[in-house]
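S.K.: Below, each chain spelled out in residue letters.
2 protein chains.
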Amino acid sequence: MTQAVRHDSMRARNLGVVLAEVRRSGPVTRAALAEITGLTKTTVSKLVADLLEAGMVAETGAASRGERGRPGTALALSGERVAALGLEVNVDYLSACVVDLTLSVRLRRTQAVDNRAASPVETLDNVRRLAREAVDEARSLGLVIAGSTLAVPGPVDDGLVHSAPNLGWRDVRVGDLLDDLLAPPAPPVRGGPSPQDPAATAPPPLLTVDNEANLAALGELWFGSGRRDFLHVSGEIGVGAGLVVDGALFRGAHGLAGELGHVIVSPDGPPCRCGGRGCLEQYAGQEALLRAAGAGTVEELVGRLRGGDIAALAACERAGHALGLALTSAVHLFDPGTIVLGGVFAPLFPWISGPVRETTAARLTAIRDAVPELAVSRLGADAATLGAAGQVIHRIVADPVAHLAAGGAPAPR
Amino acid sequence: MTQAVRHDSMRARNLGVVLAEVRRSGPVTRAALAEITGLTKTTVSKLVADLLEAGMVAETGAASRGERGRPGTALALSGERVAALGLEVNVDYLSACVVDLTLSVRLRRTQAVDNRAASPVETLDNVRRLAREAVDEARSLGLVIAGSTLAVPGPVDDGLVHSAPNLGWRDVRVGDLLDDLLAPPAPPVRGGPSPQDPAATAPPPLLTVDNEANLAALGELWFGSGRRDFLHVSGEIGVGAGLVVDGALFRGAHGLAGELGHVIVSPDGPPCRCGGRGCLEQYAGQEALLRAAGAGTVEELVGRLRGGDIAALAACERAGHALGLALTSAVHLFDPGTIVLGGVFAPLFPWISGPVRETTAARLTAIRDAVPELAVSRLGADAATLGAAGQVIHRIVADPVAHLAAGGAPAPR
Numbered sequence: 029m030t031q032a033v034r035h036d037s038m039r040a041r042n043l044g045v046v047l048a049e050v051r052r053s054g055p056v057t058r059a060a061l062a063e064i065t066g067l068t069k070t071t072v073s074k075l076v077a078d079l080l081e082a083g084m085v086a087e088t089g090a091a092s093r094g095e096r097g098r099p100g101t102a103l104a105l106s107g108e109r110v111a112a113l114g115l116e117v118n119v120d121y122l123s124a125c126v127v128d129l130t131l132s133v134r135l136r137r138t139q140a141v142d143n144r145a146a147s148p149v150e151t152l153d154n155v156r157r158l159a160r161e162a163v164d165e166a167r168s169l170g171l172v173i174a175g176s177t178l179a180v181p182g183p184v185d186d187g188l189v190h191s192a193p194n195l196g197w198r199d200v201r202v203g204d205l206l207d208d209l210l211a212p213p214a215p216p217v218r219g220g221p222s223p224q225d226p227a228a229t230a231p232p233p234l235l236t237v238d239n240e241a242n243l244a245a246l247g248e249l250w251f252g253s254g255r256r257d258f259l260h261v262s263g264e265i266g267v268g269a270g271l272v273v274d275g276a277l278f279r280g281a282h283g284l285a286g287e288l289g290h291v292i293v294s295p296d297g298p299p300c301r302c303g304g305r306g307c308l309e310q311y312a313g314q315e316a317l318l319r320a321a322g323a324g325t326v327e328e329l330v331g332r333l334r335g336g337d338i339a340a341l342a343a344c345e346r347a348g349h350a351l352g353l354a355l356t357s358a359v360h361l362f363d364p365g366t367i368v369l370g371g372v373f374a375p376l377f378p379w380i381s382g383p384v385r386e387t388t389a390a391r392l393t394a395i396r397d398a399v400p401e402l403a404v405s406r407l408g409a410d411a412a413t414l415g416a417a418g419q420v421i422h423r424i425v426a427d428p429v430a431h432l433a434a435g436g437a438p439a440p441r
Numbered sequence: 029m030t031q032a033v034r035h036d037s038m039r040a041r042n043l044g045v046v047l048a049e050v051r052r053s054g055p056v057t058r059a060a061l062a063e064i065t066g067l068t069k070t071t072v073s074k075l076v077a078d079l080l081e082a083g084m085v086a087e088t089g090a091a092s093r094g095e096r097g098r099p100g101t102a103l104a105l106s107g108e109r110v111a112a113l114g115l116e117v118n119v120d121y122l123s124a125c126v127v128d129l130t131l132s133v134r135l136r137r138t139q140a141v142d143n144r145a146a147s148p149v150e151t152l153d154n155v156r157r158l159a160r161e162a163v164d165e166a167r168s169l170g171l172v173i174a175g176s177t178l179a180v181p182g183p184v185d186d187g188l189v190h191s192a193p194n195l196g197w198r199d200v201r202v203g204d205l206l207d208d209l210l211a212p213p214a215p216p217v218r219g220g221p222s223p224q225d226p227a228a229t230a231p232p233p234l235l236t237v238d239n240e241a242n243l244a245a246l247g248e249l250w251f252g253s254g255r256r257d258f259l260h261v262s263g264e265i266g267v268g269a270g271l272v273v274d275g276a277l278f279r280g281a282h283g284l285a286g287e288l289g290h291v292i293v294s295p296d297g298p299p300c301r302c303g304g305r306g307c308l309e310q311y312a313g314q315e316a317l318l319r320a321a322g323a324g325t326v327e328e329l330v331g332r333l334r335g336g337d338i339a340a341l342a343a344c345e346r347a348g349h350a351l352g353l354a355l356t357s358a359v360h361l362f363d364p365g366t367i368v369l370g371g372v373f374a375p376l377f378p379w380i381s382g383p384v385r386e387t388t389a390a391r392l393t394a395i396r397d398a399v400p401e402l403a404v405s406r407l408g409a410d411a412a413t414l415g416a417a418g419q420v421i422h423r424i425v426a427d428p429v430a431h432l433a434a435g436g437a438p439a440p441r
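Protein chains in written order, with our numbering: chain A, 29 to 441; chain B, 29 to 441.
Hints were generated in silico from the structure; no laboratory data involved. It is possible that some hints are incorrect.
Only some residues are given here: those of chain B computed to face chain A with a beta carbon under 10 Å [stated by the list, open to error]: (1) 146; (2) 150; (3) 161; (4) 254; (5) 285; (6) 287; (7) 400.
Here are some chain B residues the structure puts well away from chain A; computed CB gaps all over 12 Å [stated by the list, open to error]: (8) 73; (9) 101; (10) 120; (11) 135; (12) 139; (13) 167; (14) 207; (15) 234; (16) 283; (17) 324; (18) 333; (19) 363; (20) 381; (21) 392.
Cβ coordinates follow ideal geometry from the N, Cα and C atoms, glycine included.
Using the sequences plus the hints, can you model the full thing?
M.R.: Okay, here's the thing in structure tokens:
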């Protein structure tokens, strides 16, 4: 290892240590950062200068209380420049949000559209249009989008969506189709980038693609109730789940864990698009639920439930019982801390939670000391888009050097 | 922090680093250990002297190949002194094994006994007797038992077995009932231990209690095929499972994960001891299987299967189909790398694996690129006892100072 490489990797590690400490303890002075991290004051000052320059931290003027010695200028994460774009393609809507480095949500956009009627290319063109509007609006707020994650309703492997049966997608290379999404404007011609320029030879991925249910669970973790051990259930046309254990998402061996919608409720039940029979989705997925209730939309269903409509109430009773059966199996396997119902199950919670609780209690109480608490998501259908943006922010904070090497987030011109 | 405490904790960390490196790279010289760990040769020599004294490493005489400089005496883990006792209480047997620091199995004992007919105190008396025989035999081999883990067929929390319905146990404090199991012989009377003696004021737990299915999965990890991503299924009177992801056991929020036996196969199926209905255990647990086949023991069942007995074959077909349904739900939730069938499913594998594969393939192939491979455990019913002993060894290697503080493992008198 050459001295220069060793120095670079040490600077990378130390920048990450300082930024993480600013996030954890800020507002905090340079002197306190030196004491906490064990780095010299000179080193801390240099690293802080880089982070200030990149717009990742800002001077607040106020030192944290209880600190010894003369008061210094305190530092905190800055929400003024670096931001992330969260995107979601779901069966019947597209959505986008912009989140800054302090995890404040700066804007949200949702567009109702039936993506089953469109080809993947058409749908991704619509995503691109929505994303560009969001990027432009973010720029008008002084923000620079440092990266984006797109949530899709199906398993994802390195930008490839193997199968999203509810969208009719099979082996769609989303990463390639959207690779120009966040491309910077073409630089002035000077013979092109030099091959020695590390940012040119190894550009970091600007766009990542991930499963909707995983991102919704991360949205609940970072923007929700503050719980760190829970199973988040995303009720959409499909039903997905994301398990968070001690603040970390459980992904399984191939990143395909949490497919609650295909847990078997009844082995000889109705056939499912997955090739199986009697999957939860056939009882409690949005389409099955609306069909059973004779309603066209979730809003219409909620209206009917409020009015005491018998068919609507019976449909929720049946869906809640099926969800309770699948969750019984999930609790036996996952042993979650809490169960959080999100997506369409959030607005339906007042009607669906009773049957879920009854079914799980009847089957879990005798063998477990405590049946996991059942809670409603405050984020509802926004969870995945928020989790998508939050994932980018968490990556930047964990490895600020990769972000800086990619050109950082220069002050908007 | 005082200088002495800082020094002690640094020595503890460094002892662990050196021991782990000997395990990973041994046989390895002191000079190579210094180079790999970044510690000075003097420090390494002192730490190695402590580990030699404790019988945890031994000089092999042969340096590892390809090493530069003059050849030194190489060091490797020693299997000659420190050992662990693995114990298991299951419904119809007790078992014990002794494993040395190199994870070699030094002895095994199994005793068939119907523990449902006995009280917890009687059963634990039998465990104590079996354990003492194993400890005595280990001593005759020059081994000193440094700790023990007991596997029980039910969820465990800090030595308390909440509920092992197949044993008829409810809230049994196994830890307390067996706390004298590995107590050292009473010391010669000299006014008793001084309260300043850290080993006297904070004795480490000599006996831990853990769930049988969790320990069986760890047994497969450490003594099995070398896989690091798998779901291990323990077929006993109950059916448990342990998920290993990247070499680590998944335990859930309360350590109760992996209760595959209570995953719902059919919601209106036969009532189960857990309070539910149609749980996997009612179709594929050892009792259900033997009852359906009209056999008294697993050995008898295997004999009939070999002879082509129709009832026996039908019973395995039905159990395998039910196991396939529960595993379909488990694959959707856990996304395991491989599925390893152990316990009684190991001897029944030739007859049960076909229906399991058919059922999972029919329901998983359309939505997943690959259905997890189905493999047979080579350990069978020994997995939990081996995992129990292996857990003690892994704790000692991870934190040798705790072991040394507890008096280490003096050369047998």
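S.K.: It remains to establish, for every hint, whether it holds in the given structure.
M.R.: Comparing the hints with the structure gives:
1. 146: 22 Å, violated
2. 150: This hint is violated: residue 150 of chain B lies away from chain A, its Cβ roughly 24 Å from the closest one there, beyond 10 Å.
3. 161: 34 Å, violated
4. 254: 15 Å, violated
5. 285: With Cβ-Cβ at 4 Å, under 10 Å, it holds.
6. 287: 4 Å, holds
7. 400: Check passed: Cβ of residue 400 of chain B comes within 8 Å of chain A, closer than 10 Å.
8. 73: 26 Å, holds
9. 101: About 30 Å separates residue 101 of chain B from the closest Cβ of chain A, which puts it past 12 Å; holds.
10. 120: 21 Å, holds
11. 135: Check passes; 34 Å lies beyond 12 Å.
12. 139: 28 Å, holds
13. 167: Consistent with the label, residue 167 of chain B stays out of reach of chain A, its closest Cβ about 39 Å off (over 12 Å).
14. 207: 23 Å, holds
15. 234: 27 Å, holds
16. 283: 7 Å, violated
17. 324: Residue 324 of chain B is indeed farther than 12 Å from all Cβ atoms of chain A, at 28 Å.
18. 333: 25 Å, holds
19. 363: 3 Å, violated
20. 381: The claim stands: residue 381 of chain B keeps its Cβ more than 12 Å from every Cβ of chain A (closest is about 19 Å).
21. 392: Check fails; 8 Å does not lie beyond 12 Å.
Hint compliance for this structure: hints 1, 2, 3, 4, 16, 19 and 21 are not met, and every other hint is.
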